[in-house]
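Student: Please construct the entire structure, taking both the sequences and the accompanying hints into account.
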Amino acid sequence: METNNFALKKKALLSMAIAAVCNSAAHAESTEFEEVVVWGTKVSSSSESVYAEDMALKQADHMSDLLRDIPGVDVGGTHSVNQRINIRGMGETKLDIRLDGASQHANMFHHIGNLTLNPDIIKSADIQVGNNSVAQSGLGGGVYFETKDAMDLLRYDEDFGVRIYGGAASNKSEQASITLYGMLSDKVDALVYGHGVSRGNFEDGNGVETFGAEGDVYNVLAKVGFEPNDLHRFEISADMYRDEGDYSPRPDMSGSANETISQDLLLPTEYDRNTFVLSYELTGEAHKGKVSVYSSQTEVTRDESKITVRWPTDRLSENSATNRNLGANAKFESDLALGSFDNTLLYGVDYIDQNSTSEYGGNKFMDETAISRAIFLEDTLYITPSILVTAGVRFEDYERKATTGNKTFDDITWSLGSEWEATDNVTLFANTRSLFKGPELLETFIAYQDVAVLADDIKAETGQNTQGGVRFDKQVGDHYIGANLTIFKTTIEDYITEEYQRATQGYLIYNLGDMETKGAEVSATYGYKLFHSKLSYSQLENKDKTNGGPILDGNGRSADMGDSFALTLDYQSDSLDTQFGWTSILVLDEDNVVEGTPEKEGYDVHNLYAQWRPSSVEDLAVTFGIDNVFDELYISHASRTGYSRTTLAEDYEPGRNYKLSLAYQF
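What the sequence shown shows, in mature numbering (1 follows the signal peptide of the UniProt record, and there is no 0), is residues -28 to -1, 1 to 638, in sequence order.
Hints listed in this document are in silico derivations from the structure and should not be mistaken for laboratory results. Treat the hints with caution; some may be incorrect.
What the hints assert, rightly or not - Derived SDA-like pairs (lysine to any residue); straight-line CA-CA distance at most 25 Å: (1) K431 / T476; (2) K431 / R345; (3) K262 / R345; (4) K373 / D325.
Said to hold, decoys possible - Label-pair ranges, simulated between beta-carbon atoms: (5) D563 / A210: 45 to 51 Å; (6) D369 / S306: 23 to 29 Å; (7) A300 / A258: 21 to 27 Å; (8) L250 / V566: 45 to 51 Å.
Cβ coordinates follow ideal geometry from the N, Cα and C atoms, glycine included.
Tutor: As structure tokens, this is what we get:
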């Protein structure tokens, strides 16, 4: 694998991008300073007051940069192949995660994550903390990512545009991108985007360099949209993501853990995704919705042929595993009047054909499929102008065709909720939603399907998510105050787990028992003119009601998260043409762990940023930031913690990181 050559190419691209930015800026005309940010990511969450943050200032190259300060949400992992979204203590396989409507559901490998997403091109991330609507699947909630298109970037009366970006960070990373977008006709628009990141082995808060993280990621996105009129839009997109490098065998562990377990072993690795989506969107006043048909394929390939340390003999070859989702979904919303009552009807269908295959040494090992079909209907009835009631029903059928045998599960789930606008500023809400999920396919990149056993009496997971709270927002002159309080309880009956059986050297998939998670999320925002602040708190506690103790993650550690606080301060200075910001995250020790094992240590981490958009060069943006200002040594509670065998395997986060980037859009 020519990783070094690829890195040199990326460095050359970075230099060209910065040079082009500086050269173009020198010839730009003077215009007034614009507060509107064209390039950025808006992150909104059901656990916060109504506010969408612009995340462009974070210069993100990992999903944790975008989502960690959302109450109830964390992202584990530090390696590029290990991005793991966690909502209320539940991992990706229990969440509904979509990219431009395409399901990203996968169960790839316990040492890597299931997501291959580039945060730079994300336009919006809509986070549903908890499953509260029959329109979504998953036990714990969902994240719906949308990528940018040409219509998002065109300004004023532009027909075409170009954006060039380059950035570097002191803790061993560089990135660059170029975006071309415009109108091909008065009804057709197009975008082509290319992005590359070159990473080295970062240092943690103690100055210890990690091992096996050096590699390169590149992403190419192409979109073409057709709008025959203001009501209809058709779009086709192709999104290709490539991650390659000589990586450590266990990217979810620290570099020192990998060196202890497997010495200086590095494995040539490729982790790729190809997503193709064809969509139609209706944007009428009374009727609106979207239909998507897609194929999303994720593949990991590792050359394990030259391993000399302890390793399964049947894996001493170049091996690959592929997860492919073919699917279609449609979701529409219609405003209807029934008698004297107004109604909003939400309805749709969802179909996912997940195929999981693997090859070892060029020989096909397994081929498994899980097909999910669902149809849903949810109605919001406006009883009075200030009181609404929502009720929904969903039928879901799950067909599992695996080496362990074929089995079908189905259920009818429902939702019921209400909102009361008690005053112009205060809204009370409550809702409950029944849950359903069939047993996962065994992880793709693991050669145990032929010796795995699906318990004869296995049942689908079912349960209930119930929550309630209050929202507050008020504008007083130039002052804005907003707040959100949510209290929740989620129960899961017949919780499914996998357990390695040493006697048979295989896996048993069975119902462990009943689980419960409860907690609260609080957020408050205050704004005054060009100053904005946000303070949030989330509290979580889970328990295994059948067997005692906490719910365990796949590594046998507690899946519970320490109580966390997040503070964001943001100020825009017109006189300096600069926006300044500070983010602090404080996580408390988590003592709800298996008896006799250490607590999950708490931490506090602080980031700052500043973006200069000179009024004399309208299209230039210079962004500076420092992540982990005080060089904290810490581990996210959603990352790998504890021991592997007798080795401390904790996945330490990067230490202090200075970041500088330049972007020019013309």
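Student: Determine for every hint whether it applies to the structure shown.
Tutor: Tested hints:
Restraint check: the Cα-Cα separation between K431 and T476 comes to about 23 Å, which is no more than 25 Å; the hinted pair holds. Restraint check for K431 and R345: the C-alpha separation of about 18 Å stays at or below 25 Å, so the hint holds. With a CA separation close to 18 Å, the supplied pair K262 and R345 stays within the 25 Å bound. For the proposed pair K373 and D325, the alpha carbon gap of about 11 Å is at most 25 Å, so the pair holds.
In this structure the supplied range 45 to 51 Å holds for D563 paired with A210, their Cβ-Cβ distance being about 48 Å. Taking 23 to 29 Å as the suggested C-beta distance range, the pair D369 and S306 conforms, at roughly 25 Å. Taken as a hint, the range 21 to 27 Å holds for the pair A300 and A258, whose Cβ atoms sit roughly 24 Å apart. A C-beta distance of roughly 48 Å is found between L250 and V566, which places it inside the suggested range of 45 to 51 Å.
Checked against the numbered hints given earlier, the structure satisfies every one of them.
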